[in-house]
Each structure stands twice: as C-alpha cells, then as structure tokens.
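We have chain P; now place chain V onto it with these hints.
Chain by chain, the residues:
There are 2 protein chains.
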Amino acid sequence: MKALTALALCCGIALSTPALAADKPEDIIKARQAAYQFLAWNTHRIKNNVDNPTQFNKDEVVRAANAVQAVANAGLGALYAPGTDKGTGYGPSRLKADALNPANGAKLGQIATDFIREANAMATVAATGEVAAVSAQLDKLRGTCKACHDNFRNK
Amino acid sequence: MKALTALALCCGIALSTPALAADKPEDIIKARQAAYQFLAWNTHRIKNNVDNPTQFNKDEVVRAANAVQAVANAGLGALYAPGTDKGTGYGPSRLKADALNPANGAKLGQIATDFIREANAMATVAATGEVAAVSAQLDKLRGTCKACHDNFRNK
Chain P
418 MKALTALALC CGIALSTPAL AADKPEDIIK ARQAAYQFLA WNTHRIKNNV DNPTQFNKDE
478 VVRAANAVQA VANAGLGALY APGTDKGTGY GPSRLKADAL NPANGAKLGQ IATDFIREAN
538 AMATVAATGE VAAVSAQLDK LRGTCKACHD NFRNK
Chain V
418 MKALTALALC CGIALSTPAL AADKPEDIIK ARQAAYQFLA WNTHRIKNNV DNPTQFNKDE
478 VVRAANAVQA VANAGLGALY APGTDKGTGY GPSRLKADAL NPANGAKLGQ IATDFIREAN
538 AMATVAATGE VAAVSAQLDK LRGTCKACHD NFRNK
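For the record, the sequence lines run as chains P and V. Counting in the working numbering, the first sequence runs from 418 upward without gaps. Counting in the working numbering, the second sequence runs from 418 upward without gaps.
Only chain P is shown next, with the shape it has when bound in the complex (with noise of 0.2 Å):
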C-alpha cells in the first residue's frame, strides 16, 4: 500500500482511523466526488473573479480560496481506500486504478504535496486582493489537479 502510504502522509492521516472502518465504498466514493465539487465550484468562483477583474470581489475570491485550503488539507488520502476505484458514488467512479497502486506512491505522493502547497499559496496570495497574482496562483494551482487528472482520472 505503499501509493495509498504517500497520499496518507502527505495528507498527514491515517488510513485506518474509526472514522472510516466502518464506511462502505460507495460513501468513500460520494465523499470524495463531494469534496472536488465543492473545490471545483470554489476555484471557478475564483475563476471568475479574475476573468472580470472590474467586478473583482476580493472577499467572495478569500472565502473561495480558504475553502480550497481546507479541502486541500482535510486528509484526503483517507478517501483512497482500496477498492474505490470501482463502484458508484453520485455516479461512478473515475479513478483509475492506477492511483491506488503502490508502484505510483512517490508520483502520486508528489502531486498531493504538490496540490497541498498550491491551495495554502492560494489562500495566502487571495489575501493580497493583487488581481494578476490571484490569476497567477490560480493558474499554478490548476495545473497541480490537472496532474492528478491527466495521470490517475479516467476521461
């Protein structure tokens, strides 16, 4: 379990705490798709802010990004359990079993710390209200899930 080991450590949890022994799959899976939809709705707030910079709302963009701070750092590891790579959650799921096999720890350990150090930057630079900054560590942040995306996400 040695991919399923990085994504715990460097999400600092672990995966075998009483809060998920007794979860079935399918509730991993839904947790799971629940909290990248509410990153996502979050970084498209963001999005939007910065795509129309003369209705920038700079309290709307730090709630948005604190949020994507806390998903990034709530211990998402624990919603790799194995076999979660099958199944349905609100529907089915799109991890490829890949992510959970140990051979991929170290990349997929490296895109998790990757993704961790971008959303705390992003909640540091929103704090700033810099406009083309808040753009720039939206854009490095997005790269970090597209990583994720384009090596451990069926299409």
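Just to be clear, a hint being listed does not mean it is correct.
Identical chains share a label here; the pair holds if one copy fits it or two copies do between them.
[As the list claims (entries may be wrong)] Here are the simulated lysine-lysine pairs, BS3-like style, with alpha carbons at most 25 Å apart: (1) 572 - 503; (2) 441 - 464; (3) 563 - 464; (4) 563 - 503; (5) 524 - 563; (6) 475 - 441; (7) 524 - 572.
Keep in mind the hints are simulated off the structure, nothing from the lab. Please read these numbers as outputs of a predicted model, since none were measured by experiment.
What follows is chain V alone, placed relative to chain P:
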C-alpha cells in the same frame, strides 16, 4: 428577496456576483449538495473520533473542524439562488420553497448566523484536543444543522 438577502449578508456574499450569473440552476444545486455532503463527511469524522475516545486522533479532528469552518464561511448564500428549490443536481433538490420566501428571511438569517458561529467555535475547540469539549461543541454545531433541516429541508 429578503430571505436571500439575509442569507447573503450572514454568509458575506453578494448574490449577483459574476461567479454565479451564468451558472445553471442544476449546477448551483449540485454545488450546494456537494458542499453539504463534504460538510457531513467532516462532521462524521469528528463524531467517530469522539465516539472512540481511546483512538481519538486530534490531527484528524482539527483538519475536519477546519474544513467545517471553511464550508460555513465559504459564502453558501450564493447557492440559494431563486428557483433552486426545484430541479436536480446529484439528485432532486430537497430545499423547501419556504427557504426562498422573503417572509422567512429573519428566521433563515438567524439559523445561518448560528451555524457559522458554531462552526467557528468547532475549529477553536478542536485545536484544544479535549474530547469532552469537542463532543459538546459538535452537539451545538449539529443543533444548527438540525434547525435548518427541520424548517427548510424536505424529508
């Protein structure tokens, strides 16, 4: 739109931001359902820890409580746009029309204010790592969830 205004004010977000202007009702409902599902995952993790005090994982509780706080402060009022009591996101919306009725603005605003206050307190209490205090604060937080469900969510 007094009800929406109250929610918007207490959640600190304008309802007519560019971020939402182009969003379809089903996208808003999906984002709302995801936000509360992610919230539920996090309160669930806190509950499992207080229910298993010998395995209490302070790190997990802190991460979950910080996520709860970020969701509560994300500006969820934006997800209660007119018409979103009907329609389907991941599933049919369970929001009662009453939630979007201006006559219920004060009531809804109070529930939202209570929710945000208790979510902020949840993060503060989690950081102490005191199981009994975390348990008591979780009860307070869940009381505000129940108040909204009892009044504004269909069974």
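**Request:** Sort out which numbered hints this structure fails and list those numbers smallest first.
**Result:** none
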